[in-house]
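Take a look at the letters that make up each chain.
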Amino acid sequence: MTPDNIQSLGYIVPELILVLTILTIFIVDLAMPDKEWLGDIALAGTAISLLAVARLVGTPDAALFGRMVVQDPFAVFFKGIFAFATLAALWMSMSSTEIKRINQGEYYGLLLSSTLGMYFMASASNLLMAYLSLEFVSLTSYVLTGYLRHDRRSGEAALKYLIYGGVASGTMIYGMSWIFGLAGSMDFGHINAALMLGDPNKLAVFIAVVLMLAGFGYKIAAVPFHMWVPDVYTGAPIPVTAFLSVGSKAAGFALLMRFFYPALSHLGSDGTWQFLPGVDWPQLVLVLSMVTMTLGNLTALSQRNLKRMLAYSSIAHAGYMLMGFVVLSNEGLRAMMFYMVVYYLMNIGAFLVVMIVANSTGREDIDGYRGLAWRGGAAPAIAMAIFLFSLTGLPPLAGFVGKFYLFAAVVRQQFYFLALVGVINSVISLYYYARVVRTMFLDFPDGSEAPVTVSFSNGVLMWLLSGATIALGVYWAPLINFADQSLQFFTG
Amino acid sequence: MDHILTYMTFIPIVGAVVVLCLPSTAHNLIRWAAAITTVPPLLMAVWLFVNFDRTQSGFQFVQHTPWIPSFNIEYFVGVDGISITMVLLTALLSFLCMFASWGIEKAVKGYFALFLLLDAAMMGVFVALDFFLFYIFWELMLLPMYFLIGIWGGPRREYAAIKFFLYTLAGSVLMLLALLALYFSQTPHTFDMTKLMAAHTTYGHTFQVVVWIALFIGFAIKIPAFPFHTWLPDAHVEAPTAISVILAGILLKMGTYGILRINYGMLPVATAELSYYFLGALGAFNIVYGALCAMAQKDLKKLVAYSSISHMGYVMLGMASLTPQGIQGAVLQMFNHGTVTAMLFLLVGVIYDRAHHRDIEGFGGLASVMPVYTGVTALAFFAALGLPGLSAFISEVLVLLGAWQKYPVLTAVGASAVILTAGYILWTMQRMFLGKVNEKYVGLPEINGRELFTLAPLAVIVVVLGFYPQLVLDLMSASLNTLNQLVLASL
Chain A
2 MTPDNIQSLG YIVPELILVL TILTIFIVDL AMPDKEWLGD IALAGTAISL LAVARLVGTP
62 DAALFGRMVV QDPFAVFFKG IFAFATLAAL WMSMSSTEIK RINQGEYYGL LLSSTLGMYF
122 MASASNLLMA YLSLEFVSLT SYVLTGYLRH DRRSGEAALK YLIYGGVASG TMIYGMSWIF
182 GLAGSMDFGH INAALMLGDP NKLAVFIAVV LMLAGFGYKI AAVPFHMWVP DVYTGAPIPV
242 TAFLSVGSKA AGFALLMRFF YPALSHLGSD GTWQFLPGVD WPQLVLVLSM VTMTLGNLTA
302 LSQRNLKRML AYSSIAHAGY MLMGFVVLSN EGLRAMMFYM VVYYLMNIGA FLVVMIVANS
362 TGREDIDGYR GLAWRGGAAP AIAMAIFLFS LTGLPPLAGF VGKFYLFAAV VRQQFYFLAL
422 VGVINSVISL YYYARVVRTM FLDFPDGSEA PVTVSFSNGV LMWLLSGATI ALGVYWAPLI
482 NFADQSLQFF TG
Chain B
15 MDHILTYMTF IPIVGAVVVL CLPSTAHNLI RWAAAITTVP PLLMAVWLFV NFDRTQSGFQ
75 FVQHTPWIPS FNIEYFVGVD GISITMVLLT ALLSFLCMFA SWGIEKAVKG YFALFLLLDA
135 AMMGVFVALD FFLFYIFWEL MLLPMYFLIG IWGGPRREYA AIKFFLYTLA GSVLMLLALL
195 ALYFSQTPHT FDMTKLMAAH TTYGHTFQVV VWIALFIGFA IKIPAFPFHT WLPDAHVEAP
255 TAISVILAGI LLKMGTYGIL RINYGMLPVA TAELSYYFLG ALGAFNIVYG ALCAMAQKDL
315 KKLVAYSSIS HMGYVMLGMA SLTPQGIQGA VLQMFNHGTV TAMLFLLVGV IYDRAHHRDI
375 EGFGGLASVM PVYTGVTALA FFAALGLPGL SAFISEVLVL LGAWQKYPVL TAVGASAVIL
435 TAGYILWTMQ RMFLGKVNEK YVGLPEINGR ELFTLAPLAV IVVVLGFYPQ LVLDLMSASL
495 NTLNQLVLAS L
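Order-wise, the sequence lines are chains A and B.
Sequential numbering of the first sequence, starting at 2, is according to the numbering used here.
Sequential numbering of the second sequence, starting at 15, is according to the numbering used here.
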């Protein structure tokens with residue numbers, strides 16, 4: 002279905018709601034002296050946007066605005082994740098002591114703008130739109146990262162982010178120009194037809210693909226484009242870090258999947274994908290995946306700052322998710338989508354506990370967690386243990402189920418070596434996750450630590466996330482079915 | 015009683031939730047609540063023992079419900095002759111260990127809640143017949159165990175806890191890959207163990223060997239077999255008494271149980287090929303190695319820990335023999351080791367609670383200070399060294415008889431260690447109980463009623479099975495003979 006521009010508006014209601022909310026925030030920020038309401042407005046707008054996304058479930062596929070963006074179940078699935086990530090980030094921002102000191106109106110506006118960009122990243126079906134939305138997300142992220150103007154770490158992080166981002170997106174757009182040169186079009190559908198039916202130069206396609214991987218790899222934090230991650234995650238305000246670690250990564254994956262699968266491959270009848278013969282990008286990404294998870298985990302071993310440790314853990318998780326990407330099967334893609342949701346729960350949860358501790362004690366290093374369970378912080382300590390063990394991939398937590406599906410897809414396609422590297426990495430990661438748990442439970446406080454208190458709103462979010470992490474670890478059939486249904490790309 | 019195994023598995027979890035809801039200062043209430051929770055599973059175990067059909071080799075008391083249909087994962091439990099002995103042992107030791115934990119004063123609520131969770135996971139491992147479910151329970155044990163050693167353990171508890179955790183996880187991730195490989199080898203894909211066993215002829219040779227080794231490493235870490243054993247002495251020494259009992263009494267058996275259930279049942283060709291090296295030779299080596307290490311120990315608990323490694327070697331040797339006597343002796347040894355070692359660890363706990371150390375050289379002449387304690391310890395020690403008339407004698411003889419028919423050299427090596435065992439046990443008894451009374455310990459109080467209560471049932475079992483092992487052998491012979499035939503047919 003190809004509705005005209007006016008009809009297309011009906012399909013982007015969630016985006017329109019976000020735009021409206023952003024404008025409202027800016028106006029209220031100007032007009033009202035009391036800034037207390039800004040967070041609530043942002044929260045309400047995002048919630049409504051999420052409802053609008055939910056309404057799109059089951060809507061027939063469509064190409065909107067002259068095939069610039071598409072409406073399909075895959076896009077809806079990711080928009081849901083972005084909306085949830087934004088809700089959690091807003092919720093955290095409203096009680097963060099870091100955010101209290103800064104100009105709130107612009108902050109919330111930028112956060113929602115970033116979400117808007119992610120929505121379009123998930124639905125872009127044209128190289129131009131893909132690039133514009135990715136840049137939009139990047140630019141807003143740079144500002145959000147550097148938002149703590151009086152904190153040198155924050156400024157440094159933003160600058161590094163900007164420089165790496167500039168290099169990566171420059172490389173990517175150069176790769177896009179090669180694709181355009183080869184296919185004669187920027188539309189994903191036309192690219193697919195041109196490359197599949199024509200006889201393009203294999204080497205040229207391969208080079209273009211590698212160049213574009215720079216941009217995607219930078220967004221999902223895969224080696225060798227991961228260097229910005231530790232500094233940005235450490236320097237940015239914690240809610241922003243949580244938001245970037247989930248939202249930005251998921252958006253990168255959404256674009257990556259849509260470009261490499263429906264745009265550059267075609268689906269066989271048995272649920273496996275065939276890429277252009279002779280262009281061996283899966284081998285390349287396979288190596289990247291193994292290096293990413295190994296490097297992330299090994300470096301995380303020696304980190305003493307929790308945010309930095311979680312940054313390396315986030316790199317490692319990009320590697321795990323890439324496992325589902327290289328096996329060229331729908332099972333792999335479904336496992337990635339499932340993992341994205343699970344990763345949202347446990348990673349936001351972990352950052353939430355980091356924020357709770359930082360709010361009370363001002364500390365982000367591991368020594369600030371000494372004996373946390375024994376000095377009034379039993380609830381955050383237990384929740385943190387749940388999130389960290391889930392990140393390790395231990396049953397009966399959701400992280401295990403996510404990894405299980407990834408490994409299942411990998412073993413199914415007989416990538417045994419990749420599977421072996423993956424499971425060994427899980428064991429390595431246990432060491433640094435368990436070290437935090439050890440500090441919280443097995444060490445006892447020496448009396449010098451500040452007490453940790455949990456505000457009501459943070460407590461609610463914390464128990465929601467940890468409850469969902471356990472619940473999805475015990476019964477996940479609805480989610481995997483939903484991921485299955487959502488694994489449909491618009492083609493036409 | 016259709017869902018009896020489900021009840022046995024999940025009642026402790028209900029108990030854990032109840033314990034969590036109790037006020038954390040009501041220590042006695044928490045202790046009693048936890049202890050009472052373990053009673054219904056124990057009674058059900060007795061009921062199972064009475065009603066188990068000993069002539070059947072298949073699975074009984076089966077329950078089958080879909081869990082995640084899209085991936086063909088089921089909730090599927092049942093027992094056969096191999097697992098029923100372990101189910102009985104688990105129910106009994108879970109109950110007794112609650113009373114052995116009475117002295118815990120630190121964070122009582124957390125301790126008992128975690129302990130009950132551990133109980134449920136252990137029971138789940140032995141009754142699960144869906145490979146995925148088995149894996150979930152297998153991993154579920156790790157978390158409570160980590161905390162129980164790590165929070166309530168001795169001075170080096172942090173090191174011991176993480177070492178245990180890392181070793182076991184490293185083994186179980188290999189098991190995860192093996193279970194996925196088995197799952198995808200079938201059409202339609204299935205985790206159903208009975209179907210995976212029935213399909214044993216469809217696996218290719220290389221596939222069998224690779225999967226067998228991956229599974230074996232996972233299980234060998236649990237047994238623990240040399241060279242994967244180094245976590246055990248650390249974990250045992252640092253763990254609180256009741257946790258040591260559970261570790262030695264039940265957790266170690268999961269390794270050998272897994273090999274019998276999965277390696278033997280699903281991969282008989284590889285088993286026939288590899289059991290000599292991986293189980294027989296390694297088992298004989300373990301017997302001697304464990305005994306020699308035990309002899310060198312100064313710490314009583316470490317001595318018992320190494321003696322465990324030695325005794326688990328008999329299980330491996332018996333299994334490897336692929337003779338009816340050998341394999342029945344192996345499973346009987348699993349049961350007997352569970353009761354005997356549990357007694358030994360409880361007894362170590364008794365003396366540690368009084369003297370606050372476990373240095374064998376630091377005692378002396380305890381026989382005149384604590385005569386009852388000395389008597390019970392003597393019984394347990396004699397059982398451990400395989401004195402005729404006590405349970406472990408029967409199982410060790412069966413193992414050696416069975417193994418002799420196939421591997422006379424290995425059997426001779428294994429049997430020679432009986433002398434070493436007698437050596438370290440008698441020498442320990444002499445140093446601790448005989449000789450001059452150590453002045454420091456003249457006033458040491460005698461073993462009390464609660465401690466005797468935890469030991470008495472085990473002592474009775476040790477003596478009764480010494481004279482009448484048929485009680486346990488009858489349960490398992492049908493299933494084990496079928497399994498043995500399956501492997502022999504692949505030779």
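Hint data in this document are derived by calculation from the structure and do not stem from the laboratory.
One should not assume that every hint holds.
Unchecked claim - Below 20 Å or equal to it, Euclidean Cα-Cα: the simulated SDA-like pairs (lysine to any residue) are: (1) B/K120 with A/I425; (2) B/K120 with A/G448; (3) B/K123 with B/K177; (4) B/K177 with A/I425; (5) B/K123 with A/I383.
Only a predicted model underlies this, so the values are computations on that prediction, with no experimental measurement involved.
Discussion item. Tell me the numbers of any earlier hints that the structure contravenes, in ascending order.
Written reply: 1, 3
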